[in-house]
Amino acid sequence: MDIDEILRLAATPPATAWHDAQVRKGLRQLEQRHRELRRSGRDPAEGVELADPLRDTDDEAARIARQAELAGLGTFTWTAKTNLLSWSNRLARMLGFGPEVTTPSVPLCLERVHYQDRELLTHQLEQAWRTASTTEVQHRIVRDGDEILHLHTFVEVLLDDADTPVGLVGTAQDVTELVRNQQELARVNKRLETIISTVGESLADYDPHTGLLSRRRFVSELDRAVDHGPGIVLLLGLAGLGEVNRAQGPEGGDRLVEQVATALKRVIDAPGRLLARVGGTEFAVLIPGVSMDGGAAIAADLLDVVHTRYLSAGRQRLDGRVGLVEYGQGRPESGEDLLIDADLALYEAKDTGKDLASGVLYASRRARRAQWRERVEQAIRLDRFELHAQPLLDLATNRVTRHELLLRLTEGNELVTPSSFLPTAERLGLIGEIDRYVVGQAAELLATTPADLHLQINISGGSVGDERFASFIEERLDHYAVDPARLTFELTETALIGNVTAAREFADRLRALGCQLALDDFGSGYASLTYLRSLPFDVVKIDGELVKNLTSNKGDQVIVESIARMCAELGVRTVAECVEEAGALERLRGYRVDFAQGWAVGREIPVRDLFGTQKAASRRARHRTA
Amino acid sequence: MARHSLTYQPTGDPADPFEALYRSHSHRLKCYLRTRSSNWHLIEEVVQDTFLVALAKWPQIRQYEKPGGWLYKAADLKLKERLRREAHCEPRAEIRAEPVDPYGTADASVAISELLAQLPPRMAQVLYLSCSLDFTSKEVAQILGITLNTVNTYRRDGRRRFREILERADLPKRGA
Numbered sequence: 018m019d020i021d022e023i024l025r026l027a028a029t030p031p032a033t034a035w036h037d038a039q040v041r042k043g044l045r046q047l048e049q050r051h052r053e054l055r056r057s058g059r060d061p062a063e064g065v066e067l068a069d070p071l072r073d074t075d076d077e078a079a080r081i082a083r084q085a086e087l088a089g090l091g092t093f094t095w096t097a098k099t100n101l102l103s104w105s106n107r108l109a110r111m112l113g114f115g116p117e118v119t120t121p122s123v124p125l126c127l128e129r130v131h132y133q134d135r136e137l138l139t140h141q142l143e144q145a146w147r148t149a150s151t152t153e154v155q156h157r158i159v160r161d162g163d164e165i166l167h168l169h170t171f172v173e174v175l176l177d178d179a180d181t182p183v184g185l186v187g188t189a190q191d192v193t194e195l196v197r198n199q200q201e202l203a204r205v206n207k208r209l210e211t212i213i214s215t216v217g218e219s220l221a222d223y224d225p226h227t228g229l230l231s232r233r234r235f236v237s238e239l240d241r242a243v244d245h246g247p248g249i250v251l252l253l254g255l256a257g258l259g260e261v262n263r264a265q266g267p268e269g270g271d272r273l274v275e276q277v278a279t280a281l282k283r284v285i286d287a288p289g290r291l292l293a294r295v296g297g298t299e300f301a302v303l304i305p306g307v308s309m310d311g312g313a314a315i316a317a318d319l320l321d322v323v324h325t326r327y328l329s330a331g332r333q334r335l336d337g338r339v340g341l342v343e344y345g346q347g348r349p350e351s352g353e354d355l356l357i358d359a360d361l362a363l364y365e366a367k368d369t370g371k372d373l374a375s376g377v378l379y380a381s382r383r384a385r386r387a388q389w390r391e392r393v394e395q396a397i398r399l400d401r402f403e404l405h406a407q408p409l410l411d412l413a414t415n416r417v418t419r420h421e422l423l424l425r426l427t428e429g430n431e432l433v434t435p436s437s438f439l440p441t442a443e444r445l446g447l448i449g450e451i452d453r454y455v456v457g458q459a460a461e462l463l464a465t466t467p468a469d470l471h472l473q474i475n476i477s478g479g480s481v482g483d484e485r486f487a488s489f490i491e492e493r494l495d496h497y498a499v500d501p502a503r504l505t506f507e508l509t510e511t512a513l514i515g516n517v518t519a520a521r522e523f524a525d526r527l528r529a530l531g532c533q534l535a536l537d538d539f540g541s542g543y544a545s546l547t548y549l550r551s552l553p554f555d556v557v558k559i560d561g562e563l564v565k566n567l568t569s570n571k572g573d574q575v576i577v578e579s580i581a582r583m584c585a586e587l588g589v590r591t592v593a594e595c596v597e598e599a600g601a602l603e604r605l606r607g608y609r610v611d612f613a614q615g616w617a618v619g620r621e622i623p624v625r626d627l628f629g630t631q632k633a634a635s636r637r638a639r640h641r642t643a
Numbered sequence: 021m022a023r024h025s026l027t028y029q030p031t032g033d034p035a036d037p038f039e040a041l042y043r044s045h046s047h048r049l050k051c052y053l054r055t056r057s058s059n060w061h062l063i064e065e066v067v068q069d070t071f072l073v074a075l076a077k078w079p080q081i082r083q084y085e086k087p088g089g090w091l092y093k094a095a096d097l098k099l100k101e102r103l104r105r106e107a108h109c110e111p112r113a114e115i116r117a118e119p120v121d122p123y124g125t126a127d128a129s130v131a132i133s134e135l136l137a138q139l140p141p142r143m144a145q146v147l148y149l150s151c152s153l154d155f156t157s158k159e160v161a162q163i164l165g166i167t168l169n170t171v172n173t174y175r176r177d178g179r180r181r182f183r184e185i186l187e188r189a190d191l192p193k194r195g196a
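From first to last, the protein sequence lines are chains A and B. Basically this note's numbering = 1-based index in the first sequence + 17. Basically this note's numbering = 1-based index in the second sequence + 20.
Next comes chain A alone, as it looks inside the complex (with noise of 0.2 Å):
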């Protein structure tokens, strides 16, 4: 195809159905302007130019300049023969040049442009006078001693009937207020990906709620410690707040966890000693020079501060279990696999109803392995995992048209969080079995329900980096001919970071499977912007820390209007996380989020309440496709 073609095809219309129904609404919408304007008595073309430009029989000059003057532009015109320079007035005002200036030169022109503009400008007047071409150029005024304006000034050769070059016609435009507000502009974005930055590095070092470090520094932190000499790891599990949760709402349990936490703190308080929250229910401990003896007695204090608080109304106590590792053993061990051993002396202690286990130090990430997995595979076997399924509320329609799943994994009559589980079964890679369990519940559940449900389900890092993970989805679906528009997978940064590549081609896979890609927590990490320019998301999740507090933050709402305003620039969806005030939805509607979760729309709810037993949901569509 020739570029003549090409550029012919750019003013072609669209030979669809669709452009002819546009095209009637357009001259719709004109009767009806027409007439509402007919019976207020306003002329639209108040103030345009209404003479055919095609008779125009001026000069170029002259033509060039009464345009420019219609435009609200200031113009000039230079004359080679004579070296006489014209200006309109406009020019004249915007040079600082008032009535008592007769002879417009060029020296006196150049008097008034900034002087580290003039050599940019009389260069590029220059050389278009040389090559007889035109030329553009941006640049200062000074006036008036110190005022400043800023100029766009277009400026083209006038050509004989021999196209020999006798003169330039230019025309400047005042685009101060347009330079000025660009660079507020710049100056804004810059102030909000900073804020963005700062915000994600708070939340990745400390809890949010509690004050308390995070996983990631607390890991961070005993990295460093076990350098230092022996010392104890402890994990303190809660149990009893799903309860909490259930009967007061996320603020009930966050104010017990906040609670506990101060307490906690008040056990742990010297220095060297290191207090995390490393899950939702999930306390981590880091005590040098501590025996395993020494760190019992600790763990029984720790367990009598969980033993005074009261679940509700004073009637059932808060209980909580601990699990606790030595090290310093001579073994090299990190940060990360000392909590693992921790957390399963915690798991230990759960399945046998003891206060506290004391672990021990694997001595390798095999016979970790083996034993993360045995969690992993007894959790599918014996059905611990489960799945609940939060709504989504379209703010445009307002009609929940998705649902987030959610995993939860019993352990005893506890619901355990991913949080407390996940990055654990992402480091042992086990996480795969986990996202392919998933995968399979939510094909099977697609396959039970309603033709317009829609499931968003998290991805891991593991996952996306496995290129027969795709294959997996597309099986599954396949399998129970599950249309795959209805299924989005969301993929948090933490997923993404040194998986690029690889996420890039997953993405692609899935999209042109038809499923929807989402990026999740938005806003939480450093990162979040490159990896919306770099992969092909349908939807973002601007993460739940930037909404909980949308109705009383400014700083947050400057946030989320922006994230809304550049997703609907990119033609990516968004979804409002932690929706947790009324007050915020209509706040978010008019930010143009198209989606609002959390607990001002819809609680989680398990997704055997919600769309019938899960299991018999499976078996019905196990017999379906048999």
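For the record, the hints were derived by calculation from the structure and aren't laboratory data. Idealized CB from N, CA, C, for every residue including glycine. One thing to keep in mind: the hints can contain errors.
[What the hints assert, rightly or not] Some but not every residue of chain A turned toward chain B, in silico, with C-beta under 8 Å:
| hint | residue |
| --- | --- |
| 1 | Leu24 |
| 2 | Ala27 |
| 3 | Ala28 |
| 4 | Leu47 |
| 5 | His51 |
| 6 | Asp60 |
| 7 | Pro70 |
| 8 | Gln84 |
| 9 | Leu87 |
| 10 | Glu153 |
Use these hints to put chain B onto chain A, whose structure you have.
Showing chain B alone in chain A's frame:
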């Protein structure tokens, strides 16, 4: 005739001169204005406002040999005015994004106008008016208020630069 009495009513007749003008140029005008702004909502408004003026002054404008010449000039001036006014508004945080096809139709004319928008606005306008539409160089100069020399220079340079843009855009080959 009802059209020029009190109110305008669409006749649905493709031969009706105003409707023919609208059918022929409303979409083209949008693609043309895309060379100056990526804000499709604003472009839509400007196109409708321009046609509203054309409708109000139809007895005059219909006399023109090529009413399209007036349309493109008037719409361009209107858009510039709107952009100037918006430049005076308080700036808001935004992160520049690649423009998207608002119609979601992967329509060729929209896609090509997006590519044309990568050229300097006046150069893109010259290419559109002279190569996509059938205005002569002199007419283009009259519509845009520039010299014939500039039209010829921009037409030549614009084609070269647009070819480079097309190569970078890696458009699907015919039959692919």
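>> So, against the hints stated earlier in the document, which numbers end up violated here?
In response: Per hint list: zero violations.
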